[in-house]
Amino acid sequence: MSLSQDDNTALFRKAWTLYDAISEKNYMFHQEIYGHVSDLLQQRHAQGPYHLLDLGCGNARFLAPCLKTAPPASYDGVDLSASALEEARGYLKGMSNTALHHKDMLQAVEDTDCAFDVIFSGFAVHHLNAADKQRLLTACAERLVPGGQLILVDVLRDEGQTREQYLEGYLGFMRNEWREVHPEHLNEACAHVEAYDFPETLADIAQMAQQADLKAPAVIGSYRQHHILRFVA
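Once you know that position 21 of the sequence shown is 21 in my numbering, the rest is easy, because the numbers rise by one and skip nothing.
Honestly, the hints are just simulated from the structure, not real lab data.
The beta carbon of each residue, even a glycine, is placed where N, CA and C say it ideally should be.
There's no promise every hint is true.
With a Cα cut of at most 30 Å, we get these calculated DSBU-like pairs of lysine-lysine [unchecked claim]:
#: 1; residue 1: Lys25; residue 2: Lys68
#: 2; residue 1: Lys103; residue 2: Lys93
#: 3; residue 1: Lys68; residue 2: Lys215
#: 4; residue 1: Lys93; residue 2: Lys215
#: 5; residue 1: Lys25; residue 2: Lys93
Just the calculated beta-carbon pair ranges, DEER-fashion [what the hints assert, rightly or not]:
#: 6; residue 1: His185; residue 2: His102; range: 35 to 41 Å
#: 7; residue 1: Asp113; residue 2: Glu184; range: 43 to 49 Å
#: 8; residue 1: Ser96; residue 2: Thr162; range: 30 to 36 Å
#: 9; residue 1: Thr69; residue 2: Gln161; range: 32 to 38 Å
#: 10; residue 1: Ala73; residue 2: Tyr223; range: 44 to 50 Å
#: 11; residue 1: Glu159; residue 2: Lys93; range: 38 to 44 Å
#: 12; residue 1: Ala130; residue 2: Ala73; range: 30 to 36 Å
#: 13; residue 1: Glu32; residue 2: Glu86; range: 36 to 42 Å
Sequences are here, hints too, so could you generate the full structure?
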């Protein structure tokens, strides 16, 4: 399945506020995950100035505190939701050399001539089909400086698990454990996942990385289906 930019824009305009409310409850392990991300960025910051590209940045509410403890020399955030980008300006306030781009993330990374030390994406790549994931990883590899890293936070299927099996398990997890979400909102979230989530297995992602000339991903942390992966150029 491939979504047009108009479809994606409508999708994220509708889904963003709901996603933000759900993530605040830590149902997707944002607190633990962004603890790992903060550690990775602090390690990179200790090595010297670095330039960071954030693909599918949303309102940056979870990444912003990580950036403020390990400030990059420049930050570029890309997202299809104009309202999320407006919120991001608030969360990123006080940081220097920040730029926000209202654009499709695949188009943005393929079109840019800039080089980055770190490319980050949080819970966005699983919306792409397999061919576009490959394009994204290839473009990221081409935009990273030698030794640069792609930090990917996303959901993965288990090895041998079909998408249908993954959805059965994830939707069950949502319905059984996201107890503080209003039933109507939970139904919307489940419909969103069922329609637009196309996660790969770790082996699939590793194969895509190899084709993109990235080193095999290191699993920095995993919380149920939610993973932090680091690829090095």
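Check your understanding: Do Ala130 and Ala73 keep their Cβ atoms within the hinted range of 30 to 36 Å?
Key -> holds (34 Å)
Check your understanding: Has the hinted range 43 to 49 Å been met by the Cβ atoms of Asp113 and Glu184?
Key -> Given range 43 to 49 Å: holds, Cβ gap about 45 Å.
Exercise for review: With 44 to 50 Å as the target window, see if Ala73 and Tyr223 comply at their CB atoms.
Suggested key: For Ala73 and Tyr223 the Cβ distance comes to about 31 Å; the hint is violated.
Check your understanding: Should the hint that His185 and His102 are 35 to 41 Å apart at their CB atoms be regarded as holding?
Key -> For His102 against His185, whose Cβ atoms are near 26 Å apart, the range 35 to 41 Å is violated.
Exercise for review: Using the beta carbons of Glu159 and Lys93, state whether their distance is inside 38 to 44 Å or not.
Suggested key: holds (43 Å)
Check your understanding: Taking the CB of Thr69 and the CB of Gln161, does the distance hold inside 32 to 38 Å?
Key -> holds (36 Å)
Practice item. Note whether the CB distance of Ser96 and Thr162 lies within 30 to 36 Å or breaks it. Key: violated (47 Å)
Review point. Taking the beta carbons of Glu32 and Glu86, is their distance inside 36 to 42 Å?
Key: Between Glu32 and Glu86, where Cβ atoms are some 28 Å apart, the hint is violated.
Review point. Is the Cα-Cα distance between Lys25 and Lys68 30 Å or less?
Key: Given that 30 Å is the threshold and the Cα spacing comes to 22 Å, the pair holds.
Exercise for review: Compare the distance between the alpha carbons of Lys93 and Lys215 with 30 Å, and conclude whether the hinted pair is satisfied.
Suggested key: violated (34 Å)
Check your understanding: Does the alpha-carbon distance linking Lys103 and Lys93 stay inside the 30 Å limit?
Key -> Holds, at about 21 Å.
Exercise for review: Decide if the proposed pair is consistent with the structure: Lys68 and Lys215, CA atoms, cutoff 30 Å inclusive.
Suggested key: holds (28 Å)
The structure fails to meet hints 4, 6, 8, 10 and 13 from the earlier list, while all remaining hints are met.
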